[in-house]
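Asks: One letter stands for each residue in the lines below.
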Amino acid sequence: MVRAVSTSDTFETATFSGENLICRRGGRLVFTGLGFSVASGGAVVLRGPNGSGKTTLLRLMAGLARPIAGRLNWSGAALADPEAHGRHLRFIGHLDAIKPAFTVRENLAFWADFWGTRETALVVKAMEAFGLAALADFPARLLSAGQRHRLALARLIASPAPLWLLDEPANTLDDRSLNALTQTIADHRARGGMVVLASHGADLVTGGTTLALDKFTPTNVMPWDET
Amino acid sequence: MSVFTALLSRDLKLALRQSADSLTVIAFFAIATVLFPFGVGPEAEILSRIAAGVVWVAALLAALLSLDRVFTVDFEDGTLDQLLLNGQSMTFVVLAKVIAHWLTTGVPLIIMSPILAITLQLPAEGYGTLVLALLLGTPTVSLVGALGAALVLGARRGGVLLSLLVLPLYIPVLIFGTAAVEAALTGMPSAPMLSILGGFALIAITLCPFGTAAALRQAAE
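Taken in order, these protein sequences are the chains called A and B.
The numbering used here applies: residue 1 is where the first sequence begins, and numbers increase by one.
The numbering used here applies: residue 1 is where the second sequence begins, and numbers increase by one.
Careful: at least some of the hints might be erroneous.
Partial list, derived from the structure: chain B residues whose beta carbon lies under 7 Å from chain A [stated by the list, open to error]:
no., residue
1, G41
2, P42
3, E43
4, E45
5, S48
6, T91
DMTMM-like cross-link-like pairs, simulated, lysine to aspartate or glutamate; straight-line CA separation at most 20 Å [as the list claims (entries may be wrong)]:
no., chain 1, residue 1, chain 2, residue 2
7, A, K125, A, D187
8, A, K125, A, D137
9, B, K13, B, D77
10, B, K13, A, D187
11, A, K125, A, D9
12, B, K13, A, E106
Derived by calculation from the structure, the hints in this document are not laboratory data.
Think of the CB as a built atom: it goes at the ideal place given N, C-alpha and C, for glycine as much as any other residue.
Make the full structure from the sequences, and use the hints.
Replies: Quick look at the structure:
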């Protein structure tokens, strides 16, 4: 039997949490004693001034960076294998991972293929959701900054994963794309997905928890204090 | 395996689209080799003695030129972060990148080598062995080179650092690669040298991908 195309599929119930995370970057303690928890359908919004460690925390959640102490749990069990953790998540950072020599469609199709998503219908759906359908066969090198960012976000739909880690996803987006993103996030949560996002301005989620990172910044440790 | 096949076909497609990158490497190989007859004079006797060594050194330098780019582009545009989140194993990613590098630079160099050996007056007995030696030696060049490229990722002037790091490691390949051709020219069996080159390739393929994967993870942090 052919599997129904995704929209109605839901993710397995899971929780993603961290306890007592301590992270240091370039000799400076970014945050200490940080904990968070997000369950299926939930969202966490990271807030804090520049340099408070939003990006660092997101990379840490993705397994791209390692904390010096603390642990991350997936559904209660500690994440033993950081490589397998990649299967749970999609991470959209400041860099958009787009190959200028490929068209919009090729860029998306590659990532869908890479993550083992077999449904080409999702690539089309992803382009439609972010208003890229008309640009499908357009070389990515001709895209504007906002369009590139939308193409990066479209990966979320083209290749589904339960946990989305979004680093300031509202950057460079116009009002219409912002609405599309808000809708996409709401749909994802309705399907039992989780979202953690760093944000300065607009509210992209309703009813999520807010994590203020400056609470965890060690006040007595400043870069110039260390020798 | 989707990680491996998707990435390999993407890299090959990219190399085809941006064929200037591969062509520069081949052009460098050709020009570097052709400079020698001008430098040491056209005497067939001298040229045929150094032919194998010149082709090998030029091939190593040409490969080095391309190694610089194996991971840098992906590192700078954020692709590497996504590759690290493949959910299977980073070793597949590394193997796909290395095989793509070998197919887009190693193989063209191997195809070019007999043509360039003609300009260096290599005696007819040497051609087969030269191609065979390159065929067995260039995978090691790609594997070790990728490890070096991953280690210098993010460093300033990484290309120069890469050559300092990697060229000394190519010496064994160079020695046995030229010795194999030498043996063929003097009527000795070249099989022992070729076997050793094959051995190097086997050692490199079992060890280098793990080191490269670890270095890439480190670079992303």
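Asks: Which earlier hints turn out false for this structure, listed by number in ascending order?
Replies: Numbers 1, 2, 3, 4, 5, 6 and 10, in rising order.
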